[in-house]
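Chains B and U, in that order, are what the protein sequence lines are.
Residues in the first sequence are numbered from 1 upward in steps of one, following the numbering used here.
Residues in the second sequence are numbered from 115 upward in steps of one, following the numbering used here.
Hints are computed from structural coordinates only; laboratory data are not their basis.
For each residue, glycine too, the CB sits at the ideal point set by N, CA and C.
Just so you know, not all the hints are guaranteed correct.
Covered stretches of chain B, as calculated for chain U (at least 3 residues, CB under 8 Å) [to be verified]:
id, stretch
1, 36 to 50
2, 101 to 107
Taking lysine-lysine and the BS3-like style, the derived pairs with C-alpha atoms no more than 27 Å apart in a straight line are [as the list claims (entries may be wrong)]:
id, chain 1, residue 1, chain 2, residue 2
3, U, 197, B, 71
4, B, 68, U, 156
5, U, 156, U, 197
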Amino acid sequence: DQQVKQNSPSLSVQEGRISILNCDYTNSMFDYFLWYKKYPAEGPTFLISISSIKDKNEDGRFTVFLNKSAKHLSLHIVPSQPGDSAVYFCAASAARNTGNQFYFGTGTSLTVIP
Amino acid sequence: EPEVTQTPSHQVTQMGQEVILRCVPISNHLYFYWYRQILGQKVEFLVSFYNNEISEKSEIFDDQFSVERPDGSNFTLKIRSTKLEDSAMYFCASINRGETQYFGPGTRLLVL
């Protein structure tokens with residue numbers, strides 16, 4: 001049962017342009033969402049998070065948007081840089097304060113073309 | 115900056131053998147997790163561990179799997195009798211209450 005979905009397995013963007021990565025979820029109990037970045041042969045690295053009480057969270061070049069009614073979140077990277085090339089996973093959890101498991105999407109491989 | 119460490123980085127084993135994957139979580143963290151990622155597939159939750167006991171586990175985490183925190187610093191995942199389909203990247207993660215999970219670099223397990 002795929003509770004978190006990333007429907008685009010890959011995305012290519014020119015350096016300097018905006019990268020938009022999308023994620024959909026099905027469980028309305030999810031209240032905490034994260035984006036992770038993963039390079040080959042490394043563990044996922046936390047990028048940015050958002051709780052369900054907000055609809056936007058910004059950290060430098062990274063902004064996450066949450067649309068609860070559509071059960072959709074997106075990660076915007078602007079401007080995109082070649083070093084951003086990696087696989088991006090979105091993850092979701094219910095009841096963030098109890099250490100519940102995180103459900104991961106299948107990932108989107110971002111390539112930023114210099 | 116504190117980080118989660120995992121050993122070994124790579125493990126090759128014969129089918130039916132036991133393997134133990136080791137993790138050292140961040141020292142003040144309270145919750146510990148194991149995930150795995152089969153090549154080309156999504157990251158899958160295996161088990162979470164809190165207060166010296168399993169708090170949640172997935173269907174994947176059957177009787178062949180066990181976890182332990184033997185000495186207050188290490189967090190281990192044991193697979194008693196490995197199968198070919200256990201070949202994957204295994205990630206340990208730790209979390210303090212209400213915060214983000216921090217992942218280790220992973221152990222690549224190959225079962226032959």
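Structure-based check of each hint:
Proximity of the stretch 36 to 50 of chain B to chain U, defined as three or more residues with a beta carbon under 8 Å from a beta carbon of that chain, is established by the 8 residues found. Only when three residues or more bring their CB closer than 8 Å to a CB of chain U does the claim for the stretch 101 to 107 of chain B stand; here the count is 7, and the claim holds. Among the hinted pairs, residue 197 of chain U with residue 71 of chain B is inconsistent with the structure: their alpha-carbon atoms are about 37 Å apart, more than 27 Å. For a cut-off of 27 Å, the pair hint linking residue 68 of chain B to residue 156 of chain U stands: about 23 Å separates their Cα positions.
A C-alpha spacing of about 19 Å is found between residue 156 of chain U and residue 197 of chain U, which places the hinted pair at or below 27 Å, so the restraint holds.
The structure shown violates just one earlier hint, number 3.
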